[in-house]
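Student: Let chain R serve as the given structure and place chains V and G on it in line with the hints.
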Amino acid sequence: MEIFSYINIGGTIAFVASGALAGIRQKLDIFGILVIAFVTAIGGGTLRDLLIGQSPVKWLMDVNIIYLIVGISLATILFRKYIDKLDKTLLFFDTLGLAFFTIRGIEVGLETQLSTPSCIILGTITACFGGVIRDILLNEVPTIFSKEIYATACIVGGISFFVFKNFDISQTLLELLTFIIIIGIRFFAIKTNFTLPKIEK
Amino acid sequence: MEIFSYINIGGTIAFVASGALAGIRQKLDIFGILVIAFVTAIGGGTLRDLLIGQSPVKWLMDVNIIYLIVGISLATILFRKYIDKLDKTLLFFDTLGLAFFTIRGIEVGLETQLSTPSCIILGTITACFGGVIRDILLNEVPTIFSKEIYATACIVGGISFFVFKNFDISQTLLELLTFIIIIGIRFFAIKTNFTLPKIEK
Amino acid sequence: MEIFSYINIGGTIAFVASGALAGIRQKLDIFGILVIAFVTAIGGGTLRDLLIGQSPVKWLMDVNIIYLIVGISLATILFRKYIDKLDKTLLFFDTLGLAFFTIRGIEVGLETQLSTPSCIILGTITACFGGVIRDILLNEVPTIFSKEIYATACIVGGISFFVFKNFDISQTLLELLTFIIIIGIRFFAIKTNFTLPKIEK
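Chains as they are written, first to last, in our numbering: chain R, 28 to 228; chain V, 28 to 228; chain G, 28 to 228.
In isolation and in its complexed conformation, chain R is listed as follows (with noise of 0.2 Å):
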């Protein structure tokens, strides 16, 4: 579907602007805001290319991602006061990227051939690891392993892709119903403050 080709360029936007905000709130400067928002876009994606041995890695070589993401570093340091406030904008986006980055991952994964589990997992690094190195190089203890819903969405999008995919439906209405469930969960889980338990020790 030609839509998702802008669901990613948005999702990508929303990753960029969620990493250089977090560079911002660490007192960064410049170019520490633009490895920070770089790694927090691309970061998922390398790491699945290097566990394939997709190389070299796909970002490398379009140049017009990297462009993006550079312009959309400045653009978010530049209008830093108003996107803080545009917090529903980016929670949507960067929603609409972790869904896109999840079935691309499950995607990718059925292309080399690897095994459900193996894709449920790839998909899920895919949406979720640029945040986990984001969160590592500003030296904090990964958001998503205890606070929020989030990678769960993913890995839930991606049982269900495979459950979807043993009956007969196009390839179109699969990726839609995916992303469909993805989404839900996490706005499902945002609306509620819904949150996995925490083990009691």
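Please note that a few of the clues may not be correct.
Put simply, identical chains are the same to the list, so a pair is met inside one copy or across any two.
Only pairs whose alpha carbons sit at most 27 Å apart, straight line, appear in this in silico BS3-like list of lysine-lysine [as the list claims (entries may be wrong)]: (1) 54 <-> 174; (2) 115 <-> 174; (3) 54 <-> 218; (4) 115 <-> 218; (5) 192 <-> 54; (6) 108 <-> 174.
In short, the hints are calculated from the structure, not lab data.
The model shown is predicted, which means the values in this text are computed figures rather than measured ones.
Tutor: Same frame as chain R, now just chains V and G:
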């Protein structure tokens, strides 16, 4: 030796359990605990595979190891109150795993025609790096850099491997002797509370 | 130019020494210091090799670099009281190494037929990423994100490289000019205590 595949499984189980317990201590949610257990178990082998260009990395192709890790993680969470009392059993398996993964890494290095020092480094990375990533994700300075004779056992074991290799002994005996040396050093260090000297500034 | 291989060795030595000194400051044991020195020296080149799919990564195939790193690390530990006073010598070599590794990364990118921005990024990663991994392992927010004109010298040097390339000059002159620019920026920044502006939230 057939026994090595049992030890491989025992070592993986110990690494998973130690990762899961570390996640529980840090009050992560179930997903966070799963991820920490996963990287502790497969982190070392993954870095090894990336460095030598084995692609896709091996665990992505082995669905059994994924089910094993998820299963043991959930079991560790369920029985966490008892496992803490199993400290010695865990330590025993962990040491077996350490020895096994070191030998495995060295042999992968030999298959890739690497030099002796590179093989020893590769063995040590295979055995120790999962724990290093675990500590980084939990935002701690990796334990093995300051507290325990751990990697040192792998390095000495690796050097012994290549010393023994000069003698005309069978592959099985070579592996067994290396195994005993790594386990011996580790248990001796634990019993006597022996550590490497700190460097006074 | 033959001189570049001397500079390569000089740069590696400086990176090893700076890593080892950082490990000593954190009171690591000998093994920890060796690891920190190692990753500081080879971390940038390793990530570069992984990203472009150079496998096995180059240092695994080069036993001399491994002996050099171990030797310099031990020498740094032995003579630590004197090296601290050698701050300026170290800084000098570190800057030479920074310039050399940037040019090396750019040229590897060109050999891999990457676009201009990708080559500049690859050069910067080669020169700076070892220090980033060192800081992550020591549980600190990477220095280069907030304190110094460091990566910026690589980026400006990289841009200059491609500007000069449009003129009809020899490869040697091209490398030399880039070299001088990177070193010039870095020394100017150190002398004048110049930093990138922090972004006020």
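Student: Decide, hint by hint, whether the structure agrees.
Tutor: Hints, verified against the model:
1. Taking identical chains as interchangeable, the C-alpha atoms of residue 54 and residue 174 lie at most 27 Å apart whether they share a chain (23 Å) or sit on different chains (11 Å).
2. Taking the shortest Cα distances, residue 115 and residue 174 sit within 27 Å of each other inside one copy (18 Å), while across copies they are farther apart (33 Å).
3. For the homomeric pair residue 54 and residue 218, the shortest alpha-carbon distance between copies (24 Å) is at most 27 Å, but the shortest distance inside one copy (30 Å) is not.
4. With identical chains, the CA atoms of residue 115 and residue 218 are at most 27 Å apart within one copy only, with a shortest distance of 12 Å there and 45 Å across copies.
5. For the homomeric pair residue 192 and residue 54, neither the shortest alpha-carbon distance inside one copy (46 Å) nor that between copies (36 Å) is at most 27 Å.
6. Taking the shortest alpha-carbon separations for residue 108 and residue 174, both the intra-copy value of 26 Å and the inter-copy value of 24 Å come in at or below 27 Å.
Hint 5 from the list above is the single one not met by this structure.
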